[in-house]
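Starting from the known structure of chain A, arrange chain B on it as the hints suggest.
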Amino acid sequence: MAGRLAALVCLLLLAGLLAGCTSGEKRQPKQEVKRQAVQEQGDAVDAELESLMQESSDIEAFLNQVEESDALELEL
Amino acid sequence: MAQEKYQRAMQMYRSARQEYMGSRGMFRGPPVDMLRQMLLRTIDAMLAHIELVRARAESSTLTVEEKAEVYRRLDSHAEFLKQKRQEVQEAETRGELMQIAREVRGRWSVARMELKLAAGTIAVSRVEYILDRGEEIGDRVEMRIKALEQAGYSTGELEELLAQYRMHLSAARNETELAGQKFSAITSPASAGRLFREGRENLREAQVHLRSMFRTLREIIERLRQGEAEVSGVGHLYARGNGTVVIQGTGGVYLRGSGNLTVRVERGGTKLTGWSRVAGNPDGSLTYTGSGRAKVYGRGIYLRAEGEGLVVRASGRGTALLRGDGTWRASGTGGSWSGEVRYGGR
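Top to bottom, those sequences are chains A and B.
Here the first sequence is numbered in our numbering, starting from 1 and rising by one per residue.
Here the second sequence is numbered in our numbering, starting from 1001 and rising by one per residue.
So here's chain A without its partners, still in its complex pose (with noise of 0.2 Å):
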């Protein structure tokens, strides 16, 4: 009869374990999708930061060129 409860004890806290371990296992992923999403959300202003400081200075080239029309000179 003892031996029979000691086995029992043993399964509930093998099963404990095991379902402590799974759900660290579901845990992990629940992480990794929080720290993805806050990326994401990151990257997104990121890329948009990126293409509008390279236009801002597109811009600067493109007056410079403009300016370059002054040197074209018909001194003959």
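Check each hint, because a few of them may be wrong.
Some chain A residues close to chain B (C-beta under 7 Å, calculated; not the full set) [said to hold, decoys possible]:
id, residue
1, LEU52
2, SER56
3, LEU63
4, SER69
Far from chain A, by Cβ distances over 12 Å, these chain B residues were calculated [claimed, not checked]:
id, residue
5, TYR1006
6, THR1042
7, VAL1064
8, ARG1072
9, LYS1082
10, GLN1083
11, GLN1086
12, GLU1087
13, ALA1171
14, GLN1207
15, HIS1236
16, VAL1265
17, GLY1268
18, PRO1282
Just so you know, these hints were derived from the structure itself, not from any lab.
Backbone N, C-alpha and C define an ideal beta-carbon position, used for all residues, glycine too.
Structure of chain B alone, referenced to chain A:
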């Protein structure tokens, strides 16, 4: 394409000019063919300049009418120069070539003025576009900060950084406006150079503020990431499409689009830009029509939008009912508009 053509044309112009100047000391002056080459290369460089600005106008954010006006002005100069190019090829004497050179020089001083006016207008319109995008990013970031605040995170520093960001944005806008005034005052070849330089100076100042804005924004994003990784229950939803969106949650919601928008928030605030008509509802919500942007933050947010071109970014936690034609993304997953989507923790 126009860029490469322009650089090639300028390179050929410079070497033709160098060769021509080097031969000016010759006994009878430069040979006629050298003069012809010099003229052809100069006209080609002028045409490449016009094409460069025209191409920029095409891909710019100018309105259809503004673009048409730029094309009308530039195309008439291009036509004139092409005709003169033909005449240069057919000319037989030095005298004929000198006469064409005088005509081209006179026309170019007007064309150069109009190139500056057009280029300035295009540049201002591009910077304004960047500033509009920057303003929108600021609004979205503000809603993410509000969501963090609702989750109990201390957002004092983030708010301070956002205020700095907006201060630079406003300063950049002022400088851009001044640049626009200078460029639009270009009406004569005599003042074109000075006004263009002054306008450029204003735009350079605007660029300085833009760079500070971008630097501050990077810092804000970095801190937002840290905050969002630390607190629990803050998620994000991004949805874009046509149809109906109903959001109920806590945190912050940013929306832009056109149609009907109904908003109610229990504890928090709303800020709307651009919507036209307002009507009160028995449940205390307000319905707006037209188009524009909306920021809603706090606890107990209810937002319903029905219309087109809807872009929604919600931060915090809540549910979104999405019906119509569109896509959504939340927490590493996504799909089309066909039902309820949950974001953030419960």
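Going through the hints against the structure:
1. LEU52: Holds: closest Cβ of chain B sits about 5 Å from LEU52/A, inside 7 Å.
2. SER56: holds (5 Å)
3. LEU63: This hint holds: LEU63/A lies near chain B, its Cβ roughly 6 Å from the closest one there, short of 7 Å.
4. SER69: This hint holds: SER69/A lies near chain B, its Cβ roughly 5 Å from the closest one there, short of 7 Å.
5. TYR1006: The assertion about TYR1006/B is violated, with a minimum of 7 Å to chain A.
6. THR1042: Check fails; 6 Å does not lie beyond 12 Å.
7. VAL1064: The claim stands: VAL1064/B keeps its Cβ more than 12 Å from every Cβ of chain A (closest is about 21 Å).
8. ARG1072: holds (19 Å)
9. LYS1082: holds (16 Å)
10. GLN1083: holds (16 Å)
11. GLN1086: Check passes; 17 Å lies beyond 12 Å.
12. GLU1087: holds (14 Å)
13. ALA1171: Non-interface label stands for ALA1171/B: nearest chain A Cβ at 15 Å, farther than 12 Å.
14. GLN1207: At roughly 6 Å from the nearest Cβ of chain A, GLN1207/B sits no farther out than 12 Å, so the non-interface label is violated.
15. HIS1236: Violated, since 5 Å does not exceed 12 Å.
16. VAL1265: holds (22 Å)
17. GLY1268: About 21 Å separates GLY1268/B from the closest Cβ of chain A, which puts it past 12 Å; holds.
18. PRO1282: holds (36 Å)
When each numbered hint is compared with the structure, violations occur for hints 5, 6, 14 and 15.
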